[in-house]
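Use these hints to put chain B with the ligand onto chain A, whose structure you have.
Residue numbers (the working numbering), protein chains in the order written: chain A, 1 to 548; chain B, 549 to 678.
No wet-lab data here; the hints were simulated from the structure. Fair warning: this is a prediction, and the values are worked out from it, not measured in the lab. Where is the CB? At the ideal position from N, CA and C, for every residue including glycine. Treat the hints with care, as some may be off.
[What the hints assert, rightly or not] On the chain B side, residues computed to face chain A include the following (Cβ under 8 angstroms):
(1) MET549
(2) ILE612
(3) ASP613
[As the list claims (entries may be wrong)] Quick partial rundown of chain B residues pointing at chain A, CB under 10 angstroms, derived from the structure:
(4) ARG571
(5) LEU584
(6) GLY591
(7) ILE592
(8) ARG597
(9) GLU605
(10) LYS610
(11) LYS611
(12) GLY621
(13) CYS622
(14) TYR625
(15) GLY638
(16) VAL642
(17) VAL661
(18) LEU669
[Said to hold, decoys possible] Chain B residues, not near chain A, derived (Cβ > 10 angstroms throughout):
(19) ARG561
(20) ASP579
(21) ALA588
(22) ASN601
(23) ILE660
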Amino acid sequence: MAITRTNIMICVGTGCLATESEKVLKNLELILKARGYDKEVKIIKTGCFGFCEQGPIVKIEPENVFYVRVGPKDAKDIIDEHIIKGRRVERLLYKEPFQNEGIDKQENIPFYKKQLRVALRNCGLVNPEDIYEYIALGGYEALGKAITKMSRDEVIDTVKKSCLRGRGGGGFPTGVKWEIAKAQESQVKFIICNADEGDPGAFMDRSILEGDPHSVLEAMAIGGYAIGSDKGIIYIRAEYPLAISRLKTAISQARELGLLGKNIFDTDFNFDIDIKYGAGAFVCGEETALINSCEGKRGEPNYKPPYPAQEGYWGHPTCVNNVETFANIPSIITKGPEWFTSMGTENSKGTKVFALAGKINNVGLVEVPMGITLREIIYDIGGGIQGGKKFKAVQTGGPSGGVITENELDTPIDYDSLTGIGSMMGSGGMIVMDETDNMVNIAKFYLEFTMDESCGRCTPCRIGTKRLYEMLNKITSGKATMADLDAMKQLSYMVKDGSLCGLGQTAPNPIISTMKHFWNEYVALVTDYDNPQGEGKYEAKNKIGIES
Amino acid sequence: MKIKSLDELQKIREDHANKVKLRDSGNGESDKIEVLIGMATCGISSGARETLNAFIEELDHKKIDNVKVVTVGCIGYCHSEPIVQINIPGQSPVLYGNVKKDKVQIILDQHIVQGKPVDNLILKVDFERA
Ligand SMILES: Cc1cc2nc3c(=O)[nH]c(=O)nc-3n(C[C@H](O)[C@H](O)[C@H](O)COP(=O)(O)O)c2cc1C
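In isolation and in its complexed conformation, chain A is listed as follows (with noise of 0.2 angstroms):
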């Protein structure tokens, strides 16, 4: 019999994998065979479905019963008991802290209530090693419909009156960008993906190359008839080796389609997509320097402008744009900008993906309308503190961002007000902290990862971060005086103010924003130090709740 009556889903990305799921898509092939059940169930890969805290996560359709934490041992319940006599495994299923139901549907279980998924559309849904699912989901439509039935500037003006604003962390409006591409007199233009994803803690461009590789290429390709480019590059760090494999089977698949290469959809419209590696440097995500370091120069930046968009890729016009800010396109082309419009707020449409980790309890990806607060990702999605603690900071836009307290927590969040109270959007990392965490032991941290990055092109930057970094060491082991805060303080907004390129520009601000809204640890542990007092600050000197 041929007709597939039952999918078995199971997550086959990185988090899972961590978690075994591999022997669990063994065992429940091995089992499914051996039983006789394997023509009308079919198993299928996908990628994160981003409550990687549950994970591996399994999911039968259609009756659409999500099961968490499935290891191994269990496929032959899974098999057995749901497959064959179609009854629930029960301690599967998802269970909320301190209740004893468990929930069984995806869409009822808290963490996925109040999300809502454009960029992430895909991923737990598609095979993404199969073009055919992709397509099967509507995908290339947005291309085939863009390049044979829309004018370049039909398609930049849709982008445009989308209000979609770049996802990479600087939140540039990407219908002008490509329309500024566009405009520049040139026979040839070239088109970036940025999957460079340096942020500590940060996992959403992985997430999504590896759960929807497909849905970045057409966009690519969109673009590339947009600006009037034939040729796409994706630069990609090499310690994504299951995103970038993902990636060469779906370019391979869309070349042999047609979907890539020469006269797609038999207009005369030719483009085609090359990968390159990084080497894992922050700095590298930084567009000018991510162009030098394609052109197999050093990755630093330069100076800004002319902008690559005017001057880039060997000095060609380029546009650079990161993996989310792509995976939006194909449907805004396909549903009209209107729809897009109506998700989010006045200044920032649509959803952003934000990567939980930290001290919080449902670690895992998220997606959600732009205007949510704080609040509710942390609470209502991320299920609170682990362990019951009380909640001190959150850390939005990595090393570049700043802390968010308490008082702030209901901020909703979009572009201009994480700016507005000292922290920004950047490109999706949250990382949350506890009553345990000692703030300057925070700022240390994030110092430290940026003082290694630091590329030493600039001297405020290659210096100021060390000095940074060695002044805090001196708070932390208990060496300092008032006046060095002053100093440091000093310091960070002469590095800020001083250096050439974002990293440097931003790098003080974890300190900056600490010092303003944790002063009293600052100078407990200048005036104090062998005193700890209060809410068990100290505790957690030399560490924080993730890994660097």
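Same frame as chain A, but now just chain B with the ligand:
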């Protein structure tokens, strides 16, 4: 094979629709008709699996795609297995007994397509109680 037009893309989309049609995006309630099939031991021994697959095949054959066939555990009327329950959104559920695979056709045609329950196959039970 190269795709040369939107129509060709559409054709490929239709040809492969089967691959993804079972899946739910997880974004909320669907308005699909549900066919619930009891798959407990007694169900299986009296042919529930065959009934299940007959439903799947017939739906595919007739290209009906607003129906979701779901397996469930014991429904509790072992004397009348295989048991099939049809849930049409907005209507109260209907329970059929003794649905061997040869009964699938008529339930599909009459109840699911035309909206008229097949009276002589209905299990007479009180839903409030059951
Ligand atoms: C230090 C530094 C690191 C950056 N890292 C990334 C990154 O990993 N991914 C990314 O998309 N953008 C990164 N950016 C932003 C890029 O320079 C650029 O603004 C972005 O890729 C543009 O795409 P968008 O308009 O779609 O956001 C970084 C910027 C700086 C200053």
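Hint validity - GLU605 of chain B Cβ closer than 10 angstroms to any chain A Cβ: With a minimum Cβ separation of about 6 angstroms from chain A (threshold 10 angstroms), the hint on GLU605 of chain B holds.
Interface hint compliance - MET549 of chain B to chain A, C-beta minimum distance less than 8 angstroms: holds, 7 angstroms
Interface restraint verdict for LYS611 of chain B against chain A (beta-carbon cut-off 10 angstroms): violated, 12 angstroms
Reported absence of ASP579 of chain B from the contact zone with chain A (all CB gaps over 10 angstroms): holds, 14 angstroms
Interface hint for VAL661 of chain B, Cβ within 10 angstroms of any Cβ on chain A: VAL661 of chain B check fails; min Cβ-Cβ to chain A is 19 angstroms, beyond 10 angstroms.
Restraint satisfaction for GLY638 of chain B [CB to CB of chain A, less than 10 angstroms]: violated, 19 angstroms
Restraint check, 10 angstroms cut-off on beta carbons, for LEU669 of chain B near chain A: violated, 20 angstroms
Chain A contact restraint on LYS610 of chain B - CB to CB distance below 10 angstroms: Hint violated; LYS610 of chain B Cβ to chain A Cβ min 12 angstroms, cut 10 angstroms.
Restraint satisfaction for GLY591 of chain B [CB to CB of chain A, less than 10 angstroms]: holds, 8 angstroms
Interface hint for GLY621 of chain B, Cβ within 10 angstroms of any Cβ on chain A: holds, 4 angstroms
Restraint satisfaction for ASP613 of chain B [CB to CB of chain A, less than 8 angstroms]: Hint on ASP613 of chain B: violated, closest Cβ of chain A at ~11 angstroms, above 8 angstroms.
Hint status (Cβ of ILE592 of chain B to nearest Cβ of chain A, threshold 10 angstroms): holds, 7 angstroms
Hints 2, 3, 10, 11, 14, 15, 16, 17, 18, 19, 21 and 22 from the earlier list are contradicted by this structure; the remaining hints agree with it.
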